[in-house]
Structure formats: C-alpha cells, structure tokens
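Colleague: Sequence:
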Amino acid sequence: MIAGSTSSIRLSPASSQVSCWLRQVQQLFARRQATSRTFQVHRHIHAVHMMKERAQEEVNCVVSERKADDALVRNAGLADHSNTTVQQTRVLKPSGQDGLMSRAPLPADESLNVGAIHIHAGIRSTYGQQNPHHHYPNPHYTGHQNPIESLEAPPDRLKIRQELLDSLLKATSVTDGWEAYHTLTVMFPHHIHNLSGVSKIPQRHLHHLARLLASAKPRTRTLFLRLSAVLTMLHRSGYRIYLWEWNALLDCAGKRWRKCSLEDYKAAVEVFSKMTTPQPSENPGDDENLAAEPGMGHVQPDIITYTTLIYIAGRSLDPSAIRHASNLLRASGLPPNRITHLSLLHYYTRTKQLSGVRSTLQKMREQGFEPGLDGINACVWAYGRNGHMDVASTIYRVLRHNLQPELDVGDYDIEAAIKYLLDVEGIAIRGDIIPDEITYTSLIQAFAYHGQIMKALHVFVDMLSTPNREPKAAISQQTGEPSLYQPTLAAFRGIFLGFARHAQKPLLLRTPPGSLSERLRPIQKNDWNLENLHQVFKAFMNLPADVMPSERLIYWILISFGKASGNDAGKLRKVFLQLEQRFGGGWGGRLDRLRKDLFGNNGSGGH
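The sequence shown begins at 1 in UniProt numbering and counts up by one.
I should point out that these hints are in silico values taken from the structure, not numbers from a laboratory. In this text, all values refer to a predicted model and were calculated from it rather than measured experimentally. Mixed in with the good hints there might be a few duds.
Stated by the list, open to error - Keeping only pairs whose Cα atoms sit at most 20 angstroms apart, straight-line, the calculated EDC-like set for lysine to aspartate or glutamate is:
#1 K352 - D374
#2 K455 - E531
#3 K596 - E580
#4 K455 - D527
#5 K574 - E531
#6 K596 - E551
#7 K455 - D390
#8 K455 - E437
#9 K217 - D176
#10 K571 - E531
As the list claims (entries may be wrong) - If you anchor each label on the Cβ, the simulated ranges turn out as follows:
#11 T351 - N542: 36 to 44 angstroms
#12 R240 - G451: 55 to 63 angstroms
#13 H388 - K259: 24 to 32 angstroms
#14 H388 - R573: 39 to 47 angstroms
#15 E406 - P467: 37 to 45 angstroms
#16 L484 - W257: 35 to 43 angstroms
The beta-carbon is built from N, C-alpha and C at its ideal position, and this holds for glycine as well.
Please work from the sequences and hints to get the whole structure.
Modeller: Put into structure tokens, the structure is as follows:
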C-alpha cells in the first residue's frame, strides 16, 4: 500500500545563499500588503540598528553561507510536509482493501519556496564569466549601503536587467538560460518587484527556459529542481502553466535518480495532484483575471500524463504503484496508446510475469496497435530474461529473415516460425522490421547470461557484419553505403558477465574424480574457457580510442579471468597492466583493493 504524504514537490526551508542584505529585505516585505507607512517604519528601524549590527552581520553572512552549503548537501529530500491540507486518492492494497494515496495540493496562502528551490537548483550565478568583455555587478552585496535604498532601480541596473532578459530569451542551451534566469532572480527577487518598480520576468522568457529544461537529457535531480523553480515562478507571477510543462515536470519527478523507487512515484503523483487541483495565483493584482480564466490554475491531463505515471510506477517495480496508476487511467476514461502498453510490457518484463507480457500483447492486437521495433525488442528481452530463449531466438530469426531472406523450406521453415509467433505468442512482425543495435545487444546478453556462449558470439558476429541502417548512422566515405555496426561496451559487458558467471577452472587444476564412475564419465568440454576469453578480450582491447569502459566493466573482466584461469596471479597481473596501459588506470574502490592484492602496496603498475 502506498502511504504517507506526497507533498515532496516543495523544498524544506533552507538557508539562503544570497547576500545578508537581501535576506533582510525579503523578511521585511514578506507580507503582501505592505503600505507606505510600514515602509517608512521599517526604514527608520533599520537605520537605528544598522550601525550596531554592521560588524556582526559580516560575520553572520559568512556563517550563513557555510550553513547553506551544508544544508544543500544534507537536504536530499524535497518534502515540506508542514501545515498542508491532505486529500486522499484511493488505491487498492494487495489484499483487495482500499488504501489511501495522500495528495497535498498547494494551500491558498502558501506557495512553493522558490527562493529555496533556486538555492538547491543552482547556487550563485556564474552569468557573465564566459565573456570576459561583458561585466555585470556582483549581485551579492558586500558594502554597507542601506538595503531599503537599494530597492530603487537605477537606470544602469535596469539596463543590465534588460540585457539578462535578452540573453535568457536567446539562450539555446540549458546552462546559458539558467545562468541568465538565476542572476535575474538574485538581482531582482520576486518579493520586491512591486516595491522597486521593476516588472516581473515576462512569461515568454519563462516558457522559453521551461522548454529548454524539458528537452534536456538525461533527467536528473538538478533538472527537476530547476524546472520546478521555473514553473513555480510562472505560478507566482500569475502566468499559465501549460500541459506540456506539467508533463515534463512529471517525467523529471520520476527520473531524478538512476534507480526508481516508490518515493519517486509518490513525488510524481504529487505533481499530478498539483496540476489537476486549481491553485490561486499569488499575485494579488491578478485575482480577477484568474477568476475570469478558470484554466489558469489547473490543466486537464492527457494520455501522455497517465502514460508517464504508468511508466514511473513500472520502474518502481511496486505492484500497488502500477495498480494505482492504472486505476487513474481507467478513471479518466482516456484510451491507452501504444506507449502505454509498452510501459506495462516493460514492467511485466522486469517483474518476470510472462502472463502479463502475453496479455499486454493481446490487448495491443485487439486495439489495433502494432508493437513496432521497440515493442519487438521488448519481447526479445522479456522472453530472454525469463529463460525462454527458444522464443527469443525465433523472434531474432524472423527479424534476420527480413534482412537476409532464408531459402530453406521444410517443417521448420521461416513461415512456420512466423505462424508460431503470431498464433501462440501473439507477436506480429511486419516484413520491413529488421534488427537494430538494441536487438543484437539484448540477445547477446540473454544468451551469455543463460550460458550459451557460442550462440552469443554468433549473434555478435552477425551484428559486426551487418550494415547499420538506423537513423543518423555513419555513412562510409569510400562507398557511400552505411557502415557496419561497431562493437559496443554493452555487448562486451554481457559476454564478460557470462564468463564471470559460467567460467570454470582449467582441466589441469580441477580435483581428479574419486569414484570409478566419475573417471569413466566422458569429459564435457566447457566453451566458457580461457582460450575463448582471450579471443573476446583481444577484440575488446581493439575498441576505438575514444571508448572508455566503466570501472564496473573493468572489474568484471578481471573476475572473468580469475575464474577461467583458476585465480592465476600472474595471469591477472598481466591483464591488469594491459587494462591500465590501454585505458589509463587510476581506478579506486574495489579495483584499487584488487590491485593491492595483486601487486602489493608498493607494486609497480602501468604508470
């Protein structure tokens, strides 16, 4: 059952890293109804205490910035669960009872802490550092000017603001756009726009930055925080947040980390809750406009929204999450699309539910959806991962037939294979679908994992001898034809993992059989031997110079040689030195410990 608050879209209050004078201004004008009388009173109070507190403020400013740095490292969560009105969305428990998924819409008198989001998403602006001829004043105040006086916007600051706005609108990269935006929010905070006479950041600029962030890959936690900050600014300024922006934030919420958990799905559900719940604008002057335009505060989710939720729930591998997301889609009345079914196919594959794979394929056929190459690849991985290599091999055989037709006719000809896939497994493969890199890699990894090294190498040879006709593939300058597929780290990783899993000691190092029956039993040759491993390793060392394997792959290569050689220390030292000379070495963690075991603390390496 999914339980607990899903209000993790809001950051917990954190120390600000902007200058101390700006924090004082934000505190003075935190209230929305600031009259001219209160303005003068605060000005006199500040003048009285300025001289007494000036020296202490400089010390506190440094301490606060250090604390803010520590808070940024410690505060990995996004939740601020204080004083929120919790609504509930039904979700079935595994036992069949109703559970509750918490929803925490944004209260009317409380908004996302955009200042805190800015601090977490990008500390300090570096805008202008890339152009040495273009200087901007430091937004972090260092003098002893009255902070109330600094609210006035002189012409030079307005000019700088316009230059930053122009840079933001013309930005073509996330880095440039975010630097310009972040500098604007530091120099001209949202809280003092009305008091300083400076207008808000135009919505055209904010939507442009949101579009840059939404198109960025990969999805990271930093990207999620930045997009959340921009959408919060749109909301606080009284601007519309479009559906595609909500969908992008939803996608980022579920992909903040490399591994997806139930907490990531709950964060995505909270974004969904906020996008479907009317939210009043925080701009006091825009209340009438908001009432006249009901669509301002919320949007109507589309099938992309629900498909994203299902995909995130599937990545979490939690049955209650996938059930909750599916119930949301059913309640919406929207029909699923092809990607929705493929997301479910991914979930059933990861959880080893072949019955779910087959039922999903059947539903796709009933609703008129073709699986496509990505769906066929998902089937290859689903059956291969679950040990049904006969079905995975048959799919591959049909795909290769589409590329190079088979001419044999008989009981097991290609037509019989096509009919079997369609009638028994419900997999329809069009005649124009051919294997791609994912097809080859998936099958290599599956064969290697299940101990079939020769079949894995056969598919590898097929791959390296086939022209790469994928979009954006390289074209040979000599022939003008597509170049052949190149070996990939993913394919080598699958094979080396197979050796680490299935390799055996050489025959000379094995314990001699004891009983007569064991001695008379014929010795079966193991293909996962040191000779074959050397051949694969030789091909691996001939990878292009710009290809750099991960430390994890280097580790499994050494484990493979350890198992295949019977932990021959001399062999392992030789392989380790070859890897260091080829890829640079300098690895830490378990590779460093392994190196010390092989060479000793003062052993010589390849440097």
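Colleague: Hinted pair, alpha-carbon criterion (20 angstroms max): K455, E437. Please report holds or violated.
Modeller: holds, 17 angstroms
Colleague: Note whether the CB distance of H388 and R573 lies within 39 to 47 angstroms or breaks it.
Modeller: For H388 and R573 the Cβ distance comes to about 41 angstroms; the hint holds.
Colleague: Is the straight-line distance between the alpha-carbon of K217 and that of D176 20 angstroms or less?
Modeller: holds, 16 angstroms
Colleague: Decide if the proposed pair is consistent with the structure: K455 and E531, CA atoms, cutoff 20 angstroms inclusive.
Modeller: holds, 17 angstroms
Colleague: Assess, step by step, whether the Cα of K455 is no farther than 20 angstroms from the Cα of D390, and give holds or violated.
Modeller: holds, 12 angstroms
Colleague: Does D527 sit within 20 angstroms of K455, going by the straight-line distance between their CA atoms?
Modeller: Holds, at roughly 11 angstroms.
Colleague: For the pair we were handed, K596 and E551, check the Cα-Cα distance against 20 angstroms.
Modeller: Measuring from Cα to Cα gives roughly 16 angstroms; hence the hint holds.
Colleague: Are the Cα atoms of K596 and E580 separated by 20 angstroms or less?
Modeller: holds, 14 angstroms
Colleague: Between L484 and W257, does the beta-carbon spacing fit 35 to 43 angstroms?
Modeller: Taking Cβ atoms as reference, L484 and W257 lie about 37 angstroms apart, which means the hint holds.
Colleague: Lying within 24 to 32 angstroms: is that true of the beta-carbon distance H388 to K259?
Modeller: The hinted range 24 to 32 angstroms holds for H388 and K259, with Cβ atoms some 26 angstroms apart.
Colleague: Regarding the pair K352 and D374, is the alpha-carbon distance no greater than 20 angstroms?
Modeller: This hinted pair holds, its Cα atoms lying about 19 angstroms apart.
Colleague: Does the hinted range 55 to 63 angstroms hold for R240 and G451 at CB?
Modeller: At 57 angstroms between Cβs, range holds.
In this structure, only the earlier hint numbered 15 is contradicted, and the remaining ones agree with it.
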